[in-house]
Amino acid sequence: MASKTTLNAKNLAALGTDRLADLVLDLAKGNAGAKRRLRLELAGEAGSGDVAREIRKRLTTIARSWSFIDWQGRNAFAADLDMQRRAIVSQVGPVDPAAAFDLIWRFVALANGVYERCDDSTGRVQSVFQAACDDLMDLAEAAKPDPLGLADQLLEALIDDDYGHYPTLISGLAPNLGSEGLQHLKAGITASEFDLSDNYALRMALEQIADVEGDADAYIAQQSDLARKAPQIAAEIACRLLEAGRIEDAWVAINAPDEKDRGWIPYEWEATRISVMQAMGQPQAARDFMWTCYARSLNPDHLRAWLGGLPDFEDVEAETRAMEHALGFENFTTALHFLMTWPAIEQAAVLITNRAAEIDGHHYELLGPASDALEDRYPLAATLLKRGMIDFSLQNSRVKRYRHAARHLRECKNLAARIDDFAQFETHEAYLDGLKQSHGKKTSFWGAGA
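The sequence shown begins at 597 in this note's numbering and counts up one residue at a time.
None of these hints come from the bench; they were simulated from the model.
Quantities reported herein were computed from a predicted structural model and do not represent experimental measurements.
Glycine is no exception: its CB is placed at the ideal position from the N, C-alpha and C atoms.
Keep in mind that the hints are not guaranteed to be accurate.
Across the chosen pairs, the derived CB separations fall in these ranges [claimed, not checked]:
hint: 1; residue 1: ASN671; residue 2: THR888; range: 45 to 53 Å
hint: 2; residue 1: ASP791; residue 2: ALA727; range: 30 to 38 Å
hint: 3; residue 1: VAL946; residue 2: TYR863; range: 43 to 51 Å
hint: 4; residue 1: LEU744; residue 2: PRO862; range: 33 to 41 Å
hint: 5; residue 1: LYS740; residue 2: ARG900; range: 46 to 54 Å
hint: 6; residue 1: GLN991; residue 2: ALA814; range: 55 to 63 Å
Dumping the calculated DSBU-like pairs for lysine-lysine here, alpha-carbon to alpha-carbon at most 30 Å [to be verified]:
hint: 7; residue 1: LYS1009; residue 2: LYS996
hint: 8; residue 1: LYS1037; residue 2: LYS996
hint: 9; residue 1: LYS740; residue 2: LYS653
hint: 10; residue 1: LYS1009; residue 2: LYS1032
hint: 11; residue 1: LYS996; residue 2: LYS1032
hint: 12; residue 1: LYS1038; residue 2: LYS1009
hint: 13; residue 1: LYS825; residue 2: LYS782
hint: 14; residue 1: LYS1009; residue 2: LYS1037
hint: 15; residue 1: LYS782; residue 2: LYS740
Assemble the whole structure, with the sequences as input and the hints as a guide.
Take a look at the structure:
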């Protein structure tokens, strides 16, 4: 049974309304957010019209304000914004959808001004506006705005959009816009005085409209000749052409990037090219390309797809070939990540002992979990990874990592008792002596329990 001093609704109700009212007023002193919440609740008792007026007043105040909101005030400001958003949805929306729809538009329109005067490095404020965009689409269903009027509202918002969060509304509002609204919006965008090649929001809007209408050519028309040669864009174009059943056009599009000048190739481009090959009835070419993609990136998805197409009993030999390739892959960190996630723990241990000089202790987010996973069966490999992290921390004077490095050194001592043969590597005692000689004056490290 809960104590009478436990903070819960039952115990607070026992205080009585008068006592609670006094407590709430006392707690609200000097707390602007609490006062605004109380006013909204009181307005709610009077009706949705009063709530709407309170919200409208607050949104107007926010729109007119120019004071900078630093990291210290960010959370309180975001909480205030979210309170207004929730009041629109939960208090006004069920009673007066049209008024709620108008208010949520006003709310979303605050975004540009707020972003310009707010330190939102955590994305807390942005998440509130993203939620408001979702609310706008939901409220549109209930409010049933005029399609042409809605298109005009969207156009105005897009023209003023400096942060690119409006174009995604088009697909969500497409049912409300209908064919008439979409055409009206498209005509408004193309008739605007802005250079579409230099206006991200308007160009994205036309792409969204093209996707809603299933018009691959309209989407392609928004891409410059240079953009079409970028692997990511080429994949987007090819996907749309493939969905439209235009397989030959998709093949041309996916091959637009220069084979010799692709640099980093995104997985999406590779996967789309494989899909086009399969649609063209070239399963063997697709399989060969899967291996090519795996061989240059060690992407496990490509390897799984490649192995999945093999006859029974051939996959074991093929997987062995793939692991051997990983062991010789030029980037040690990429190879270790692949082998640990596949998983191929035995091969990972071989990689570590064969190429210990390539261990980069900076990648503690990989080496830490990997060393822990290797401890039971491969204590030497685990030790080498821990030493790599220790060496990096000390050689680069990463003081904040010293306590972790000290822990790794203690773990190395424990593992040493289970290592029968250190092979060409230093024993734990020799390694410890070397640390003392090179870093003996780093008292923060030794004082951390090393």
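Checking each numbered hint in turn, tell me which of them this model violates, lowest number first.
Structure breaks hint 3 only.
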